[in-house]
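Once you have looked at the hints, place chain B on chain A.
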Amino acid sequence: MGLFKKILVANRGEIAVRVIRACRELGITSVAVYSDVDRASLHVRKADEAYGLGPAAAAESYLNIGKILDAAKRSGADAIHPGYGFLSENAKFAQACAQAGIKFIGPTAAAMEMMGSKTRARQHMEKAGVPFVPGTSRGLESPEEGELVAEKIGYPIMLKAAAGGGGKGMRLVHSNAELKAALEGARSEAQRAFGDAEVYIEKAIINPRHIEMQILADEHGNTVYLGERECSIQRRHQKVLEEAPSPVVDADMRRRMGEVAVRVAQAAGYTNAGTIEFLVDADKNFYFLEMNTRLQVEHPVTELTTGLDLVHLQIRIAAGERLPFAQEDVLIRGHAIECRIYAEDPDNNFFPSPGKITLLLLPSGPGIRRDSGMYEGWTVPIDYDPLLAKLIGYGTNREQAIARLIRALNEYFVGGIKTNMLLFRRILHDPDFQAGKLDTGYLDRLLKKEEDRTAVDGKGAELAAIAAGVFAILDPASGADTSSRHPEASVPSQWKRAGREESLR
Amino acid sequence: MIYDVLIDGMTYRLELSRADGKWACRLNDKEIAIDAVMTRRDVLSILIDGHAYEIKREKSAMDLHLWVGPVRHEVVLRDPRSLVSRRAAAGPDHGPRKLIAPMPGKIVRVLVSEGDEVEAGQGLLVVEAMKMQNEIKSPKKGVVRKLVAATGANVNAGDVLAVVE
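Quick note, the sequences are listed as chains A and B, same order.
Taken in order, the first sequence gives residues -9 to 495; the numbers are from this note's numbering.
Taken in order, the second sequence gives residues -1 to 163; the numbers are from this note's numbering.
There's no promise every hint is true.
To be verified - Capping the alpha-carbon separation at 30 Å, the derived lysine-lysine pairs in DSS-like fashion look like this:
| # | chain 1 | residue 1 | chain 2 | residue 2 |
| --- | --- | --- | --- | --- |
| 1 | A | K36 | B | K54 |
| 2 | B | K54 | B | K28 |
| 3 | A | K57 | A | K93 |
| 4 | A | K449 | B | K104 |
| 5 | A | K117 | A | K274 |
| 6 | A | K449 | B | K28 |
| 7 | A | K438 | A | K449 |
| 8 | A | K439 | B | K135 |
| 9 | A | K438 | B | K138 |
| 10 | A | K93 | A | K36 |
| 11 | B | K96 | B | K54 |
| 12 | A | K438 | B | K135 |
| 13 | B | K138 | A | K439 |
| 14 | A | K63 | A | K(-5) |
| 15 | B | K104 | A | K57 |
| 16 | A | K142 | A | K274 |
| 17 | A | K82 | A | K158 |
| 18 | B | K139 | A | K438 |
| 19 | B | K54 | A | K439 |
| 20 | B | K20 | A | K449 |
| 21 | A | K82 | A | K36 |
| 22 | A | K93 | A | K(-4) |
| 23 | A | K346 | B | K54 |
Claimed, not checked - With the C-beta cut set under 10 Å, the calculated list includes, among others, these residues of chain B facing chain A:
| # | residue |
| --- | --- |
| 24 | Y10 |
| 25 | W21 |
| 26 | L25 |
| 27 | I46 |
| 28 | V69 |
| 29 | E133 |
No wet-lab data here; the hints were simulated from the structure.
Glycine included, every Cβ here is placed at the ideal spot set by N, Cα and C.
So that you can see chain A by itself, here it is in the shape it has in the complex (with noise of 0.2 Å):
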């Protein structure tokens, strides 16, 4: 059989960009799915086909199984890639694809399941002799055992959501006295997220570094590794900045952590792509983490250091072709640096700031990839994930693909909405992060630190002056007199304006 003819593609925003290029690329038809927020995005508009799922909400859009499965039939699509995110993790749906006969591109119902469960991943794992923090595989029945359990590994410990993620079911316990409430807090926010209260308990390993090994495993017994992502910088354990390799990984560890993740996907029968998360601790001691059985968000890193299109191969596994190429015809050459970003305000605790795009000026250049989901005039939509675009960078080495992307950030504009792209320039200046000196604390570290602002000077606002009266005459119609703009300005009177001031008293 060849590959898929038709691909629905059952996502938003970039990653179903991404995929949909994947399709033309491969000859094979795509077929988009949106909500009637994202009527005009990005990915309607590339796509070959598309077909309305209705309302924003994404319990009755890119959440719901049998919208999206009608869609796929309606469609004549033989296949499904649900890129990350929504409902890329979820058994119930690449179950529900394959009863409907048509092809999930991802791993089976059975090792998603198996993965799901952060205690069943460990039973199955330790079984395959998968390093680990020190904790227990199973969920936790009184407080009184959490003690005995906390005692044996030592505090401070993390107690965890099995059924977590993001954050969510996660408390830090320093002792005893604080274990009792800890243990009600996170079950019950674990209840409230996820449906399951089950919680578990792992030594804490203060600032770890976050790395994961991606794989690729073909339905014919091949698994492969494609190298690490040191993904460290995170804020509210949202990743923001990824790489590709990491700067502690050496070519020793590479492979012995390599090793690891192919036997973890091998225990869980797993196909396709997927990535194994490790903590590394100070002395460079790797612990599995979590297995994520989907394309990640900072896939392109990876792309980019061993030269391979992920999705591609991703399709073609899923249409049974093998693996066509062996371990050690991998071979990673360069660096490549992510930057994820978002719709929201880092002046201003992070706030999320949907609304029009006025003005979008791109980068170009050696060394650069954008793979994005918004375009000049598009209105960003308030009801979903804020990730607008993801800007990579590539050199030969490290220092190059740093000093490329902050060339390239300084060419990105996005106007009318707030990013975060100015937290890119901050982190990449930054001399420990040249020094690849990174933890899951970096970022909260660098935030707390004073911004040196010393770059704004009277020069830049004499030049915005001058730009101010220029803009107004050479294009009068928009605004020459702002004050008759400003808000606060806008009354007529000073009479209307003491009158409207008294009824609001």
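Below, chain B without anything else, positioned relative to chain A:
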């Protein structure tokens, strides 16, 4: 044209005119030789003394910002001969302050009642957008005079949520 340009709390007097494609520019009575071209809507290329600058414009119904490099300047441009401008120059610094929704979203919690005394920076309401809950803080110390927003209501960017005096 003569403008008063208010930037980051400073007022600049700008005299600017153009004839035969050449600009005459005086800023605070200092002659500056400039060349300026609008390369596209909202983007200006300015040359001063051989140095090249690109200035980007962000404009909303409420305000104007100009970016010089990575720095964003809030700009108010006034024609000093205009009556409206002179009145606006008096400024809204005293008296009641409106709490404006910074983005579209849904009010999920109201933390104060009308008549409450609040501190500057105190959270007054919580708005949810893009799966994130965000506290809207009081712009000044004072008393909540009016509370327009109710729990569950959808709001648009620029909507008045409350008034603190």
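Going down the list of hints, with the structure as the test:
1. A:K36 to B:K54: Holds: K36 of chain A and K54 of chain B sit about 28 Å apart, inside 30 Å.
2. B:K54 to B:K28: Holds. K54 of chain B to K28 of chain B sits at ~24 Å (cutoff 30 Å).
3. A:K57 to A:K93: holds, 17 Å
4. A:K449 to B:K104: violated, 41 Å
5. A:K117 to A:K274: Distance ~23 Å between K117 of chain A and K274 of chain A Cα, so the pair holds.
6. A:K449 to B:K28: Cα-Cα ~13 Å, so holds.
7. A:K438 to A:K449: Between K438 of chain A and K449 of chain A the Cα gap is close to 28 Å, so the pair holds against 30 Å.
8. A:K439 to B:K135: Measuring from Cα to Cα gives roughly 23 Å; hence the hint holds.
9. A:K438 to B:K138: holds, 24 Å
10. A:K93 to A:K36: holds, 22 Å
11. B:K96 to B:K54: holds, 29 Å
12. A:K438 to B:K135: It holds: about 20 Å lies between the C-alpha atoms, which stays within 30 Å.
13. B:K138 to A:K439: Given pair K138 of chain B, K439 of chain A holds - Cα atoms ~26 Å apart, limit 30 Å.
14. A:K63 to A:K(-5): Distance of about 13 Å is within 30 Å: holds.
15. B:K104 to A:K57: Holds, at about 26 Å.
16. A:K142 to A:K274: holds, 23 Å
17. A:K82 to A:K158: holds, 22 Å
18. B:K139 to A:K438: At roughly 25 Å apart (the allowed maximum being 30 Å), K438 of chain A and K139 of chain B satisfy the hint.
19. B:K54 to A:K439: With Cα atoms ~29 Å apart, K54 of chain B and K439 of chain A stay inside 30 Å; holds.
20. B:K20 to A:K449: Within the cut-off at roughly 22 Å; holds.
21. A:K82 to A:K36: holds, 29 Å
22. A:K93 to A:K(-4): holds, 11 Å
23. A:K346 to B:K54: Cα-Cα ~16 Å, so holds.
24. Y10: Cβ of Y10 of chain B sits 4 Å from chain A, so the hint holds.
25. W21: holds, 8 Å
26. L25: Since chain A brings a Cβ to about 6 Å from L25 of chain B, closer than 10 Å, the hint holds.
27. I46: holds, 8 Å
28. V69: holds, 5 Å
29. E133: Holds: closest Cβ of chain A sits about 8 Å from E133 of chain B, inside 10 Å.
The earlier numbered hint that this structure contradicts is number 4, and it is the only one.
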